[in-house]
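Here's the letter readout for the chains.
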Amino acid sequence: GAGVSQSPSNKVTEKGKDVELRCDPISGHTALYWYRQSLGQGLEFLIYFQGNSAPDKSGLPSDRFSAERTGGSVSTLTIQRTQQEDSAVYLCASSLVPTGSYNSPLHFGNGTRLTVT
Amino acid sequence: GENVEQHPSTLSVQEGDSAVIKCTYSDSASNYFPWYKQELGKGPQLIIDIRSNVGEKKDQRIAVTLNKTAKHFSLHITETQPEDSAVYFCAASGVAQFYFGTGTSLTVIP
Chain D
13 GAGVSQSPSN KVTEKGKDVE LRCDPISGHT ALYWYRQSLG QGLEFLIYFQ
63 GNSAPDKSGL PSDRFSAERT GGSVSTLTIQ RTQQEDSAVY LCASSLVPTG
113 SYNSPLHFGN GTRLTVT
Chain U
203 GENVEQHPST LSVQEGDSAV IKCTYSDSAS NYFPWYKQEL GKGPQLIIDI
253 RSNVGEKKDQ RIAVTLNKTA KHFSLHITET QPEDSAVYFC AASGVAQFYF
303 GTGTSLTVIP
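Protein sequence lines, in the order shown, are assigned to chains D and U.
Position in the first sequence (from 1) plus 12 gives the number in our numbering.
Position in the second sequence (from 1) plus 202 gives the number in our numbering.
Just so you know, these hints were derived from the structure itself, not from any lab.
Each statement offered as a hint is correct.
With a straight-line Cα cutoff of 27 angstroms, these simulated DSSO-like cross-link-like pairs (lysine-lysine) come out:
no.	chain 1	residue 1	chain 2	residue 2
1	U	K224	U	K259
2	D	K23	U	K244
3	U	K259	U	K244
4	U	K239	D	K23
5	U	K244	D	K27
6	U	K224	U	K270
7	U	K260	U	K239
8	U	K273	U	K259
9	U	K270	U	K239
10	U	K244	D	K69
11	D	K69	D	K23
12	U	K244	U	K260
Based on the sequences and whatever the hints tell you, model everything.
Spelled out as C-alpha cells, the structure:
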C-alpha cells in the first residue's frame, strides 16, 4: 500500500524566505511526527500530533517553526524567515494508535531536503 | 526524559561476518524498542522491533535482544551482505514519544 509521502523532495530557498513542507501520512494512522536530520546526524524531534489532542511542540527549535495537521491527516511544517542553519532533511513519520500499553512502529517518508542559500 | 545511547558510531565488517550494535536507555517506563535502517537518500525503515515483555526476537539474519534490568538492547546481524551497508538507528518508546540513538554507520566489505 501507499507509504508516507512528503513533498517536495528537494527545496532550495533563499535566506529570509518562508517555506512549507507537506506530509501525507498512511491512511488510518492517527499519530504524525516531524523530525529534522542534519547531514550525517541523528533524528531531532520537532513536533508530534496524536488524533485530536493538542500537539507536542516541545521540539520546535524556535518560533519561526510551526506545524499544523488538517482533518487529522495531511500535515504542513512551515519555517518562516529561513536561516542557513535550517538546512537539513525534514522527515515525517506516522503510526497507528498504540496497541494496549505499547506504541506502534513509525513509518517514515523519504524526507524533504531543504537547502537555504 | 529518556536518553538513548548507541555504540559504535561506525562499524566495518567483512562480508559473511556478524555485526552487533548496542543501545542503552535510561527510562524504565520505555517498553517498545524498534530498530531502523536508513539508506542514503531515504527515510529510516523499520527492520525489527521488540516489546519489553520479550527478551529476544529473530527474523532471518536479524535478531534483537533486550535486557530490561540492565536497560540495554542490541541488534545482531549474521552473515552480513554488502546490501546491509547503511545507517542503523535504535529507539526507545513509551506510549507517545520515540527517543532515537545517534546512529551506527555499518559498512560490509565484500
